[in-house]
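S.K.: Read off the chains here:
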Amino acid sequence: MDWLLALLQTALFVFGAPLLLGWIKRLKALSQNRQPAPVWQPYRDLRRLFHKEVVIAHHASWLFRITPYIVFGAVVLVASVVPLLVTSLPTAAIADVIVLVGFFALGRFFLALAGMDIGTAFGGMGASREMTIASMAEPAMLMAVFTLAMTASTTNLSTAMLTILHEGLVLRPSFIFAALGLMMVAVAETGRIPVDNPATHLELTMVHEAMILEYSGRYLALIEWAAQIKLMVYGVLVLNLFFPWGIATETTTNALLIGSVVILAKLMLLALILVVSETVVAKMRLFRIPQYLSFAFLLCLLGALSHVILEAGYII
Amino acid sequence: MLSHLSLYEQAIFVLAALLLYTCFSLLAHTRLLDLIRAFAWQGVLLAATCALVAWVLEQPHLYISAILTLSLKGFLIPFALHRLVIKLKLQHTVEKVSSPTTVLLSGVGLVIFSYYVALPIEQLSTEITRNVIAISLAMVLLGMLLLISRSQAVSQVVGFMAVENGLFFAAVVSTYGMPMVVELGVAFDVLVAMVLFGVFFFQIKDNLDSLDVDQMNRLSEVDE
Chain F
1 MDWLLALLQT ALFVFGAPLL LGWIKRLKAL SQNRQPAPVW QPYRDLRRLF HKEVVIAHHA
61 SWLFRITPYI VFGAVVLVAS VVPLLVTSLP TAAIADVIVL VGFFALGRFF LALAGMDIGT
121 AFGGMGASRE MTIASMAEPA MLMAVFTLAM TASTTNLSTA MLTILHEGLV LRPSFIFAAL
181 GLMMVAVAET GRIPVDNPAT HLELTMVHEA MILEYSGRYL ALIEWAAQIK LMVYGVLVLN
241 LFFPWGIATE TTTNALLIGS VVILAKLMLL ALILVVSETV VAKMRLFRIP QYLSFAFLLC
301 LLGALSHVIL EAGYII
Chain Y
1 MLSHLSLYEQ AIFVLAALLL YTCFSLLAHT RLLDLIRAFA WQGVLLAATC ALVAWVLEQP
61 HLYISAILTL SLKGFLIPFA LHRLVIKLKL QHTVEKVSSP TTVLLSGVGL VIFSYYVALP
121 IEQLSTEITR NVIAISLAMV LLGMLLLISR SQAVSQVVGF MAVENGLFFA AVVSTYGMPM
181 VVELGVAFDV LVAMVLFGVF FFQIKDNLDS LDVDQMNRLS EVDE
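As given, the protein sequences belong to chains F and Y, one line each in that order. So in our numbering the end of the first sequence lands on 316, straight run, no missing numbers. So in our numbering the end of the second sequence lands on 224, straight run, no missing numbers.
It is possible that part of the hints are untrue.
Said to hold, decoys possible - On the chain F side, residues computed to face chain Y include the following (Cβ under 10 Å): (1) L4; (2) L7; (3) V308.
What the hints assert, rightly or not - Computed far set for chain F versus chain Y, every beta-carbon distance over 10 Å: (4) D2; (5) Y43; (6) S61; (7) V101; (8) G168; (9) V170; (10) L171; (11) R172; (12) P173; (13) I193; (14) L267; (15) V281; (16) Q291; (17) S294.
FYI, nobody ran anything at the bench for these hints, they're computed from the structure. Bear in mind the structure is a predicted one, so any value in this text is a computation, not a measurement. Glycine residues also receive a C-beta, built at the ideal position from the N, C-alpha and C atoms.
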């Protein structure tokens with residue numbers, strides 16, 4: 001039963017991610033006074049891409065062909081670990097949050113290799129930029145994770161959420177910093193404005209799109225789908241780690257129902273915040289990104305420090 | 001455990017952490033108007049923390065300190081600095097800090113150092129605010145770091161005021177604030193210092209055509 005539920009939750013992640021992107025795109029179109037596409041447009045795009053013929057360059061090696069599967073597989077594995085509706089599922093014990101960061105790094109590594117595999121200028125440029133951003137985003141993310149782990153005394157996501165739920169509403173300075181830092185890292189890692197613009201192609205500033213420029217057909221569909229799931233994973237991570245209230249702790253129908261409604265509402269709200277911030281903030285120059293990410297790192301570091309200074313070792 | 005404290009007491013910690021954050025934002029801002037705005041935020045947060053400490057520890061005289069801090073460091077001094085910067089036409093200058101990341105990281109190092117130094121003091125105290133002593137010490141040190149990492153006279157003044165903020169915060173969290181006479185004296189000293197700095201700014205500007213104090217290392221006769 002539990003395994004079935006875990007499978008269901010992963011499926012919800014995988015098949016719900018395009019819907020989240022559709023919702024974000026719809027909000028964004030509305031904020032720019034454009035006629036929005038329906039929210040299921042990403043599904044249509046994916047279906048269209050899956051039906052299209054795959055065109056591959058002559059020089060492409062086996063690496064180029066297997067990369068989409070590795071990227072998609074890594075992201076689905078990550079999605080199965082992150083609690084969406086209910087905590088303490090058997091899959092949550094498979095991997096902790098550090099392994100989760102590792103899975104993302106694995107996907108990125110192969111994507112960067114595939115970008116360089118063909119030998120076009122755009123692929124190499126995108127790969128080098130992606131790795132530059134990742135080398136600064138990952139320490140910040142790990143710092144946020146460590147802050148959380150110090151508070152909950154565990155790196156397991158499900159257990160950490162349970163600990164935070166159990167303690168109730170506690171104002172933790174470290175969580176404020178870690179949440180802000182993690183959100184900034186999430187923006188950088190999922191390639192949203194101000195770090196990368198997901199809506200443009202063939203622009204000199206693109207990062208993620210430049211790497212996957214040579215992909216087409218079902219390969220492109222898999223990579224795009226993986227990117228959508230990644231966006232949702234980051235959203236759920238931020239929401240369920242720092243605001244876990246509403247998530248089901250037992251597998252009764254009632255709790256599950258409440259859990260799904262709450263996470264839906266939270267994700268819709270987070271999407272709204274993302275869209276507002278993307279409307280207010282302009283895309284950054286590439287050379288400003290290190291500054292942005294070092295600020296995120298500083299925030300996460302301050303989170304860890306304020307945990308040690310203000311919260312830890314507090315004995316009445 | 002943090003969850004044993006009341007929400008007000010937890011809010012003191014949050015505000016203290018935010019104060020530490022404003023110190024870092026002071027270090028990070030290179031435009032003078034942004035710097036002054038961050039300084040104003042620090043004053044407002046400091047006043048809020050002071051009022052909250054007064055509420056939690058039931059020390060009504062701290063409310064007066066909070067009001068003084070809010071009016072002086074939250075509004076009056078930032079406003080005066082803002083006007084000076086506009087008058088001296090410095091609003092568009094971007095200060096050159098030789099390596100901003102190193103400054104920020106050494107700031108983190110200072111925070112760790114002050115935590116280490118304040119650890120024995122914390123063990124002597126029984127107040128719930130004892131954990132915040134390390135933060136106030138870090139604020140003093142970060143203000144000093146701001147002083148030595150900048151060459152603009154205006155940002156050095158902001159650094160000086162930030163050091164004063166840190167000292168005031170240390171007094172509030174460790175000993176319920178200084179005696180009222182001392183506090184009033186310091187407040188007016190800061191105000192007078194502000195006026196004097198204003199006069200000095202114009203003097204320096206007249207003599208050097210710039211507020212970059214690094215140029216004072218050079219004797220004008222030797223020049224060229």
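S.K.: Does each hint hold? Answer for all of them.
M.R.: Hints, verified against the model:
1. Checking F:L4 against chain Y by beta carbon gives a least distance of about 35 Å; that is not within 10 Å, so the hint is violated.
2. Annotation: interface hint on F:L7 violated; nearest CB of chain Y at approximately 35 Å, more than 10 Å.
3. Interface restraint check: F:V308 against chain Y, minimum CB-CB distance 7 Å, threshold 10 Å, status holds.
4. With 10 Å as the threshold on Cβ separation, the claim that F:D2 sits away from chain Y holds: the shortest Cβ distance comes to roughly 30 Å.
5. Taking the minimum C-beta to C-beta distance to chain Y, about 42 Å, the non-interface status of F:Y43 holds against the 10 Å cut.
6. The Cβ of F:S61 lies farther than 10 Å from every Cβ of chain Y, with a closest approach of about 38 Å, so its non-interface assignment holds.
7. Annotated as non-interface, F:V101 keeps its C-beta farther than 10 Å from every C-beta of chain Y; the closest such distance is 22 Å.
8. The Cβ of F:G168 does not lie farther than 10 Å from every Cβ of chain Y; its closest approach is about 7 Å, which violates its non-interface assignment.
9. At roughly 5 Å, the least C-beta separation between F:V170 and chain Y is not larger than 10 Å, which violates its mark as non-interface.
10. Under the 10 Å C-beta cut-off, the non-interface status given to F:L171 relative to chain Y is violated; the minimum distance is some 4 Å.
11. Under the 10 Å C-beta cut-off, the non-interface status given to F:R172 relative to chain Y is violated; the minimum distance is some 7 Å.
12. Interface exclusion of F:P173 from chain Y breaks down, the closest Cβ pair being 3 Å apart, not more than 10 Å.
13. Non-interface status of F:I193 relative to chain Y is upheld: no Cβ of that chain comes within 10 Å, the nearest being about 22 Å off.
14. The claim that F:L267 lies off the interface holds: its Cβ sits roughly 26 Å from the closest Cβ of chain Y, which is beyond the 10 Å cut-off.
15. The beta carbon of F:V281 sits about 16 Å from the closest Cβ of chain Y, which is more than 10 Å, so the claim that it is off the interface holds.
16. With 10 Å as the threshold on Cβ separation, the claim that F:Q291 sits away from chain Y is violated: the shortest Cβ distance comes to roughly 8 Å.
17. Listed as outside the interface, F:S294 is inconsistent with that label: its C-beta sits roughly 6 Å from the nearest C-beta of chain Y, within the 10 Å cut-off.
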